[in-house]
Structures are given as C-alpha cells and as structure tokens.
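*Asks:* Sequence:
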Amino acid sequence: MLTHVEPSAVPNSGRLIKKVDFERLAARGFATQQLATRETGSDHVRIYLAKVYPDAAGPALHFHEFDQLYFVLDGQMDVQIGLTTTQARKDCLVLLPAGVVHTNKNCGDTPEYHLALNASEPPPGAQLDYKIDIRYEPGKRYFADELTESSKDGR
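Numbering of the sequence shown is given in this note's numbering, commencing with residue 513 and proceeding in unit increments.
These are computed hints drawn from the structure, not numbers from a lab. For every residue, glycine included, the Cβ atom is placed at its ideal position computed from N, Cα and C. Careful: at least some of the hints might be erroneous.
[As the list claims (entries may be wrong)] Pairwise CB distance ranges, derived in the manner of DEER restraints:
| no. | residue 1 | residue 2 | range |
| --- | --- | --- | --- |
| 1 | Gln-599 | Thr-515 | 30 to 36 Å |
| 2 | Gly-553 | Phe-583 | 17 to 23 Å |
| 3 | Asp-621 | Ser-525 | 39 to 45 Å |
Kindly produce the complete structure, drawing on both the sequences and the hints.
*Replies:* Below, the structure written as structure tokens:
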C-alpha cells in the first residue's frame, strides 16, 4: 500500500549536485575527481571519475571488502580479473564483487575515462585495497594441478 509523503526541505541541497570537471584532472598518470563521498552526503556509496592516461594503471593486483564497479565513458581499459585479462571499451560496465582480485591499465593510445563506484563505502580509516602477489613457478606442483590430474583420472 502506498502512503502519501510530503516533500520536506533539504538543508544545503545544492551540495548534492556535483559538476564533473574533466579539465581539472591531472595531465598524466591516473587522475581522479571524487563525486560522491560521505563528506558530500553519500553515506553508503563512493563514486569517482578517473582519467587514465596511456600506459598508466591503477593499483597492482588487489581486492576490496566492498563491491566495485567501473563504467567506461571513453577509451579502453585493460582489466585483469583473477588470472584473465580482458578489454572494456566505451559503454562497458565492469563488475568486481568484494574479494575478487583485479587491476586495470590503459593499454590504448588515448586517455581512458571511467566512473568508479564503491559500495558500500568502507568506514573512515578502513583499509581500501588489499594488495596481493601471484607468482607461478614453472615445474612446481600446485593444488590446482592435482585437481586437474584427478579430474582426468575420474577421481
């Protein structure tokens, strides 16, 4: 059942509208502009605009305790998710659930722009990125190798 609700005044409502300023982003590297944060009135989601220049990258392989989404506005993003690298182009949405190992880089010739959304935003002072190091040594036996051999043998 729907109920009638009267609109109420929202103090400082102008702060809820944020202008995206592409020109203010740094002229190299991985530049960001924060659009929605706790400080701007968003208690649960952080959104930022990123401009990633050719050959620039985000943090090395890492994961988060929150979901992260990238919506590519222009250019191309090479994104490694787990052990697979793929390319996301303009109008693509990249979904990175909490705990998924990932990194991204611009391997193109022009700047790449994307909106990033972190949900839910971690509490103030919490660690954002958990960096990891994956190494594969040829010739060394890994648990996954044993699983593959077991499935071949029908075990």
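*Asks:* A separate judgement is required for each hint: does it hold in the structure or not?
*Replies:* Evaluation of the provided hints:
Distance hint check for Gln-599 and Thr-515: the Cβ-Cβ separation is about 48 Å, which falls outside the suggested range of 30 to 36 Å. About 21 Å separates the C-beta atoms of Gly-553 and Phe-583, a value consistent with the hinted range of 17 to 23 Å. Taking the beta carbon of each, Asp-621 and Ser-525 are about 42 Å apart, inside 39 to 45 Å as hinted.
Hint compliance for this structure: hint 1 is the single one not met.
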